[in-house]
Amino acid sequence: MSTAAPERQAPDRPGFQVTLENFTGPFDLLLALIGRHELDVTEVALHRVTDDFIAYTAALGGSADLEETTGFLVVAATLLDLKAARLLPAAEVEDEEDLALLEARDVLFARLLQYRAYQQVAALFRELEGAARRRYPRAVSLPPELAALLPPVDLGVDAAGFAEVAAAVFRPAPPPMVGLDHLHAPSVSVPEQVELMTARLRLAGRLTFAQLCEDAAHGVEVVGRFLGVLEMYRSRQVALDQDEAFAELAVRWAPGDDDSGSAALDPERS
Amino acid sequence: MSSAEEELPALGDDAELDAAIEAVLMVVDAPVPAGQLAEVLEEPVARVVGALERLAASYADRGFELRVTDEGWRYASRGRFAPYVERFVLDGQRSRLTRAALETLAVVAYRQPVTRSRVAAVRGVNVDGVMRTLTARGLIVEAGLDASTGGTLYRTTELFLERLGLASLEDLPPIAPLLPEVDDIDEL
Amino acid sequence: MSSAEEELPALGDDAELDAAIEAVLMVVDAPVPAGQLAEVLEEPVARVVGALERLAASYADRGFELRVTDEGWRYASRGRFAPYVERFVLDGQRSRLTRAALETLAVVAYRQPVTRSRVAAVRGVNVDGVMRTLTARGLIVEAGLDASTGGTLYRTTELFLERLGLASLEDLPPIAPLLPEVDDIDEL
Numbered sequence: 001m002s003t004a005a006p007e008r009q010a011p012d013r014p015g016f017q018v019t020l021e022n023f024t025g026p027f028d029l030l031l032a033l034i035g036r037h038e039l040d041v042t043e044v045a046l047h048r049v050t051d052d053f054i055a056y057t058a059a060l061g062g063s064a065d066l067e068e069t070t071g072f073l074v075v076a077a078t079l080l081d082l083k084a085a086r087l088l089p090a091a092e093v094e095d096e097e098d099l100a101l102l103e104a105r106d107v108l109f110a111r112l113l114q115y116r117a118y119q120q121v122a123a124l125f126r127e128l129e130g131a132a133r134r135r136y137p138r139a140v141s142l143p144p145e146l147a148a149l150l151p152p153v154d155l156g157v158d159a160a161g162f163a164e165v166a167a168a169v170f171r172p173a174p175p176p177m178v179g180l181d182h183l184h185a186p187s188v189s190v191p192e193q194v195e196l197m198t199a200r201l202r203l204a205g206r207l208t209f210a211q212l213c214e215d216a217a218h219g220v221e222v223v224g225r226f227l228g229v230l231e232m233y234r235s236r237q238v239a240l241d242q243d244e245a246f247a248e249l250a251v252r253w254a255p256g257d258d259d260s261g262s263a264a265l266d267p268e269r270s
Numbered sequence: 001m002s003s004a005e006e007e008l009p010a011l012g013d014d015a016e017l018d019a020a021i022e023a024v025l026m027v028v029d030a031p032v033p034a035g036q037l038a039e040v041l042e043e044p045v046a047r048v049v050g051a052l053e054r055l056a057a058s059y060a061d062r063g064f065e066l067r068v069t070d071e072g073w074r075y076a077s078r079g080r081f082a083p084y085v086e087r088f089v090l091d092g093q094r095s096r097l098t099r100a101a102l103e104t105l106a107v108v109a110y111r112q113p114v115t116r117s118r119v120a121a122v123r124g125v126n127v128d129g130v131m132r133t134l135t136a137r138g139l140i141v142e143a144g145l146d147a148s149t150g151g152t153l154y155r156t157t158e159l160f161l162e163r164l165g166l167a168s169l170e171d172l173p174p175i176a177p178l179l180p181e182v183d184d185i186d187e188l
Numbered sequence: 001m002s003s004a005e006e007e008l009p010a011l012g013d014d015a016e017l018d019a020a021i022e023a024v025l026m027v028v029d030a031p032v033p034a035g036q037l038a039e040v041l042e043e044p045v046a047r048v049v050g051a052l053e054r055l056a057a058s059y060a061d062r063g064f065e066l067r068v069t070d071e072g073w074r075y076a077s078r079g080r081f082a083p084y085v086e087r088f089v090l091d092g093q094r095s096r097l098t099r100a101a102l103e104t105l106a107v108v109a110y111r112q113p114v115t116r117s118r119v120a121a122v123r124g125v126n127v128d129g130v131m132r133t134l135t136a137r138g139l140i141v142e143a144g145l146d147a148s149t150g151g152t153l154y155r156t157t158e159l160f161l162e163r164l165g166l167a168s169l170e171d172l173p174p175i176a177p178l179l180p181e182v183d184d185i186d187e188l
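Protein chains in written order, with my numbering: chain A, 1 to 270; chain B, 1 to 188; chain C, 1 to 188.
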């Protein structure tokens, strides 16, 4: 057996072409995928939907803005960590990493369940809104005879001051000064990662995923490379080797094994 | 015609017709002609006028009355309580506009004619109350309907120009020079 | 019309007090707290509250009602006549809320007062645009600054309750049974 079972299924599975539905965020997508498998929110369910989640995130890359994509990538990174951890023999896991991963998993579960609660309430809001026989409050203008009693109105500014007020209203608000540096996601482009990995694999022929990621500056870049590997696998440019369950994942340069692949990322491949 | 979602209450019963008229008149911010009421309630004008007169009589002991003018029917406070009503209206009323009102007025002035929802979008807050205040103070008035959204348009008044000491709207200082960082202020 | 200096009608009689309150409430454009009414009418708050409750009960068969919320008292049309009232008052603005808007509203409703970044954390996406829309539509309002982060806090409005047909925040469906048993997920 040369290819890890879950990955081998991916290209043939119709579900792999994730439809670009309008998900309102990563948790929304995750819950929708879990629901599609008719699963409860468990770790098994997370493993089952990881690939679909990644595929959706990859498809999103082109159309969504960076900030939107970042939310998906952060969740994708956690899912990949979890999935990777299950492939490793428990004994080899460092205690500290193990702990961090368990915590990451628990946080993901907690946030997912929390989000689901609000989603359910939002659905209830929709029902309430539809059923509400709305009362409208009396909020009428002052009758002219009463308005006439009010003291003469004073704007408190002259024409120039008024223009200043207008300018202040129309001036675009400065972007909120929230640092995004901690997200480490300035510009991870999957096509760029594919290009980089293609060059390396052409030279080396075969590299482990860990080797491919040795120089990755941060987690999001690792996610980007993983998405790139999935893309390359889908377009039949690489094969994935895994000697046995839980063993290290290796990526082998094997273009054109089967040219019926759907997409060609690199026009120069041969 | 009624859909499942919008079941119109039947008004065959006089009591129901009366109540429907009360509901409408209590909320509408302008006198309503009997003809318009009849049209919306899908009832004969004569029957609606009968209901309006019946209602007006039923308020004999109340602090408000149903008043009819050339423009139509509307609720009003009963005259004999005017001292309290006036005291309430003047209570806490300042002659100086609030900052919120001034900003709303600025949006109307530089974007007129403009709908309330457009003003709300620019200011990022609900402006219904402030727009009513500005209308009551005579600084803005309604100016027809927006062709695309059907929303009411507003423009500034003569009094507004007078208060700023301007002869016409053309004398409003341009704001583009105050916003050098903006290429096209109409985009805002 | 009488002026403010004119002698104030005596309100010793309950019927007169009730009528005076009706007269004042007819000109308000926002809910009025009982305390403010008491001040204007120079009557004890308890007596005014009693009158307000008596009035509210007296409208049982009418097309309008006298409603009390946290903000105060005011008249409103009765819900079952909404289909007719909406033919008058809708400015083409009652569009359905999107799912994103409803979810955001749900988080604000249960966590209020709450900052934008906390809402974003719960939903896992940026909520700036949605929060602006909800504010412009009057469903949420700013409610001060968060002491620790300095971020702007938001809360839901009366209009939000109105829209869902709820009398108060206490009537929100309980969310606790749906939530994971974590004391404060934000701390994680």
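Wrong hints could be hidden among the right ones.
Claimed, not checked - Just so you have them, the derived chain A footprint on chain C, three or more residues with Cβ under 8 angstroms:
1) 8 to 20
2) 26 to 35
3) 43 to 52
4) 123 to 131
5) 160 to 169
Unchecked claim - Here are the simulated distance ranges between beta carbons:
6) C/Ala-143 with A/Glu-129: 32 to 38 angstroms
7) C/Tyr-59 with B/Ser-148: 35 to 41 angstroms
8) C/Ala-46 with A/Ala-160: 50 to 56 angstroms
9) C/Val-45 with A/Glu-38: 55 to 61 angstroms
10) A/Ala-199 with C/Gly-151: 43 to 49 angstroms
11) B/Ala-56 with A/Glu-127: 50 to 56 angstroms
12) C/Pro-173 with B/Glu-158: 49 to 55 angstroms
13) A/Asp-215 with C/Asp-70: 21 to 27 angstroms
As the list claims (entries may be wrong) - Partial list, derived from the structure: chain B residues whose beta carbon lies under 7 angstroms from chain C:
14) Pro-9
15) Ala-19
16) Glu-22
17) Val-27
18) Leu-66
19) Pro-83
20) Arg-87
21) Val-125
22) Arg-132
23) Leu-178
24) Leu-179
Because the hints were derived from the structure by calculation, they are not lab data.
Given the structure is predicted, the values throughout are model-derived calculations rather than measurements.
Ideal Cβ positions, reconstructed from N, Cα and C, are used throughout, including at glycine.
Within 8 angstroms of chain A (C-beta), three or more residues of the segment 123 to 131 of chain C: It holds, with 5 qualifying residues against the three required.
Between the beta carbons of B/Ala-56 and A/Glu-127, is the distance compatible with 50 to 56 angstroms? 40 angstroms, violated
Supplied distance hint 21 to 27 angstroms, evaluated on CB atoms of A/Asp-215 and C/Asp-70: 59 angstroms, violated
Would you check chain A against the segment 160 to 169 of chain C, counting CB to CB pairs closer than 8 angstroms, and say if three or more residues qualify? holds (count 5)
Cβ distance range 32 to 38 angstroms for C/Ala-143 and A/Glu-129, holds or violated: At roughly 23 angstroms between Cβ atoms, A/Glu-129 and C/Ala-143 fall outside 32 to 38 angstroms, so the hint is violated.
Could one say that the CB atoms of A/Ala-199 and C/Gly-151 fall in the range 43 to 49 angstroms? 45 angstroms, holds
How does the Cβ-Cβ distance of C/Pro-173 and B/Glu-158 compare with 49 to 55 angstroms: does it lie in that range? With a Cβ separation near 52 angstroms, C/Pro-173 and B/Glu-158 satisfy 49 to 55 angstroms, so the hint holds.
Are B/Arg-87 and chain C close enough, Cβ to Cβ, to be under 7 angstroms, as the hint says? Status holds, d = 5 angstroms.
Distance restraint hint 55 to 61 angstroms, applied to the beta-carbon atoms of C/Val-45 and A/Glu-38: 58 angstroms, holds
Is the shortest C-beta separation between B/Ala-19 and chain C less than 7 angstroms? Since the shortest Cβ distance to chain C is 3 angstroms, the answer is holds.
Once the shortest beta carbon distance from B/Leu-179 to chain C is found, is it less than 7 angstroms? 20 angstroms, violated
Please check whether B/Glu-22 passes as an interface residue: C-beta within 7 angstroms of a C-beta belonging to chain C. 3 angstroms, holds
When each numbered hint is compared with the structure, violations occur for hints 1, 3, 6, 11, 13, 18, 23, 24.
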